[in-house]
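Asks: Next come the chains, spelled out residue by residue.
2 protein chains.
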Amino acid sequence: MNLPPQTVGDVGEQGLLQRLLPFCATNIVGDDGALLAIGIGQSLVVTTDVLVDGVHFSDRTTSAEDIGWRAAAANLSDLAAMGAAPLGITVGLSLPPDVTLDWVEGLYRGLNLCLNKFNTKIIGGDVCRSSVITVAITACGQVAPHRAIRRSAARPGDAIVVTGPHGGSRAGLELLLHPEQNNHLEVALRQSLIENHRRPIPRLDIIAQINEIVKDNWPVGGMDSSDGLADAVMQICRCSGVGAEIDCNAIPLFPGWQKFGCTALDYALYGGEDFELVLCLPEKEAISLVRQLGEGAAVIGKITAGVEVKLVDAKGVYPEQMLNLEAGFQHF
Amino acid sequence: MNLPPQTVGDVGEQGLLQRLLPFCATNIVGDDGALLAIGIGQSLVVTTDVLVDGVHFSDRTTSAEDIGWRAAAANLSDLAAMGAAPLGITVGLSLPPDVTLDWVEGLYRGLNLCLNKFNTKIIGGDVCRSSVITVAITACGQVAPHRAIRRSAARPGDAIVVTGPHGGSRAGLELLLHPEQNNHLEVALRQSLIENHRRPIPRLDIIAQINEIVKDNWPVGGMDSSDGLADAVMQICRCSGVGAEIDCNAIPLFPGWQKFGCTALDYALYGGEDFELVLCLPEKEAISLVRQLGEGAAVIGKITAGVEVKLVDAKGVYPEQMLNLEAGFQHF
Chain A
61 MNLPPQTVGD VGEQGLLQRL LPFCATNIVG DDGALLAIGI GQSLVVTTDV LVDGVHFSDR
121 TTSAEDIGWR AAAANLSDLA AMGAAPLGIT VGLSLPPDVT LDWVEGLYRG LNLCLNKFNT
181 KIIGGDVCRS SVITVAITAC GQVAPHRAIR RSAARPGDAI VVTGPHGGSR AGLELLLHPE
241 QNNHLEVALR QSLIENHRRP IPRLDIIAQI NEIVKDNWPV GGMDSSDGLA DAVMQICRCS
301 GVGAEIDCNA IPLFPGWQKF GCTALDYALY GGEDFELVLC LPEKEAISLV RQLGEGAAVI
361 GKITAGVEVK LVDAKGVYPE QMLNLEAGFQ HF
Chain B
61 MNLPPQTVGD VGEQGLLQRL LPFCATNIVG DDGALLAIGI GQSLVVTTDV LVDGVHFSDR
121 TTSAEDIGWR AAAANLSDLA AMGAAPLGIT VGLSLPPDVT LDWVEGLYRG LNLCLNKFNT
181 KIIGGDVCRS SVITVAITAC GQVAPHRAIR RSAARPGDAI VVTGPHGGSR AGLELLLHPE
241 QNNHLEVALR QSLIENHRRP IPRLDIIAQI NEIVKDNWPV GGMDSSDGLA DAVMQICRCS
301 GVGAEIDCNA IPLFPGWQKF GCTALDYALY GGEDFELVLC LPEKEAISLV RQLGEGAAVI
361 GKITAGVEVK LVDAKGVYPE QMLNLEAGFQ HF
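Chains A and B are the protein sequences, given in the same order. The opening position of the first sequence corresponds to residue 61 in my numbering, with each subsequent residue numbered one higher. The opening position of the second sequence corresponds to residue 61 in my numbering, with each subsequent residue numbered one higher.
Please note that the accuracy of each hint is not assured.
Unchecked claim - Covered stretches of chain A (chain B as the covering partner; in silico rule of three or more C-beta atoms under 8 Å from a C-beta of chain B):
#1 87-97
#2 245-256
Unchecked claim - Far from chain A, by Cβ distances over 10 Å, these chain B residues were calculated:
#3 Asp158
#4 Gln202
#5 Leu313
Stated by the list, open to error - Incomplete in silico selection of chain B near chain A, CB under 8 Å:
#6 Ile88
#7 Ile98
#8 Ser154
#9 Thr160
#10 Leu161
#11 Gly185
#12 Val247
Since the hints were derived computationally from the structure, they do not count as laboratory data. Note that beta-carbon positions come from the ideal geometry of N, C-alpha and C, so glycine has one too.
Chain A on its own, in the form it takes in the complex (with noise of 0.2 Å):
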């Protein structure tokens, strides 16, 4: 008997992103970018991400310019999540040829609002036609090779950095998503929560701070939370070959986390889109930059030696499949 072929959806994105690696320069993927030598003290940043109507975004809670702004954004994040500064973006967008020109601009001009915020550009791109809304952005980067934020350098010992609040994004989802459960929240907190969703700012920012304070004392391990962070903290730990220990309690949570009572810590651990950086350092500088970076940043644990990951709070220490990343979005 002939056992049909399998399919993409078979296999899931983790299990086609395996069969798909032995085709790529394997020392070079597996960060937020790729990172390329292009001649003496320059690195280039290269990464790209694919965004396709109703799957990463729906009319139901984004608009055009939101969609562009949050586009921008995440390619952005990936650059800082590797120490590099932005050299532009380019923009392949396949469109229905029922779209409106005012929708397409929207998404331009969303685009480039974030972009204008940290001084880059959309430096090219293509158009087609297509039955599905897809817009693909390519971020491009550059960075002194030894200053590259990587996945693979935390080591036991390091502490562990987050650089703002986290669960913020997927909260002002949820009013979006839901907002007769939650209108009893102030307006206030709502717009804010919501903004975090709809306009996240990537930490290019503290670029230039990481560097700062960390000297001549690199590498930096990290990466971005933009797929939730108890993924950034298992991808740094598979990627580096370490363990590591959460405190719970010092995970810094969104403003008015208490009115979403338990779910608070799950948007934060699990709900993405925040986009602050996750770094690894020693604790010495690790306590500067938290200082220099303020409320909201927090060192939340530290490198262990071993593989496993632990998830502590008051009642007690939890092992790694607390940290269910199954819980994580899967695109197939």
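With the hints as your guide, set chain B onto chain A.
Replies: Positioned in the frame of chain A, the structure of chain B alone reads:
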């Protein structure tokens, strides 16, 4: 009375690009790729192409491996068109869940077959779910800033060189689409034309030769002929503010063109996807280059003052209207 809002379909590809231009870094867009200074003596070239199932490829004429090859070739050709050496490509892939893993692996195999030929690699990407297969590729390359080939650099008096024969890819497509109408052709010719279409070869191989011959006599004007030879000449003239006179009889046509009668010249001018370079440089260097490239390369005309593009053949001189760009492919 309110008019319905204008759509992408109403204005077409060129109309849409005109609307989007104000959102882009206008000093950077306009060539086959973006050109960005990235430090002393180095410029980065970035180019993006999106291919959509049913628009740019179809199972009828193209295997997954061929789609991969052609996608890589198109992007590498954009780098060659700017005189750049490849650094790598990223692949943003959107897939319906029922696509087989065999198909996806075929695509990546095809990409790598072409990339390996030029010692370059897949350096990153993204995969996600969609209702239609979409392949968004971004290629990065580098070039010394004063040795970038630009569409805007043609000057009156320059000779116009094509680096190889034209029309073969379009003829090959014809054989794939209508095998029954062309079964009088010899098998070897059929196969070679189909190969032109299935596995076009970007001209990265000649960048070193161009540099050697041109020496310090830069800039060189030019682009690739991916959208047809007529389109390339028109784009170069428009961007450089010059005219051109093309000798139809000098255009090198694909082997066996005689079997296609008058359509052969149409294929060469409007068929596209030959992925040769169209270069504008002083006559002396042009002749040296053609001699060095050998059979298939030719001087096909010259750049003139003014803005008229003339097509000349044994029967006389035709005005630029004969370069009927409406015959080109518009994606909306």
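Asks: Indicate, hint by hint, whether the structure satisfies it.
Replies: Consistency of the hints with the structure:
Residues of the stretch 87-97 of chain A lying with their CB closer than 8 Å to a CB of chain B number 5, which satisfies the three-residue condition for coverage. Evaluation of the coverage hint for the stretch 245-256 of chain A: breached, as 0 residues show C-beta separations to chain B shorter than 8 Å, against a requirement of three. Some Cβ of chain A comes within 10 Å of the Cβ of Asp158 of chain B; the nearest lies about 5 Å off, and the non-interface call is violated. Look at Gln202 of chain B: its CB is around 6 Å from the nearest CB on chain A, not clear of 10 Å, so calling it non-interface is violated.
Here Leu313 of chain B stays apart from chain A, with its beta-carbon at least about 29 Å from theirs, past the 10 Å limit. Taking 8 Å as the C-beta contact cut-off toward chain A, the hint placing Ile88 of chain B at the interface holds, the least distance being around 5 Å. A cut of 8 Å between beta carbons decides the hint on Ile98 of chain B: the least distance to chain A is about 6 Å, and the hint holds. Nearest Cβ of chain A to the Cβ of Ser154 of chain B: about 6 Å, under the 8 Å cut. The hint holds.
For Thr160 of chain B, the interface hint holds, the least distance from its beta-carbon to any beta-carbon of chain A being 4 Å, beneath 8 Å. The criterion of a C-beta within 8 Å of any C-beta in chain A is met by Leu161 of chain B, whose closest approach is roughly 5 Å, and the hint holds. Here the hint on Gly185 of chain B is kept, as its CB sits about 5 Å from the closest CB of chain A, short of 8 Å. With a least beta-carbon distance of about 32 Å to chain A, the hint placing Val247 of chain B at the interface is violated under the 8 Å criterion.
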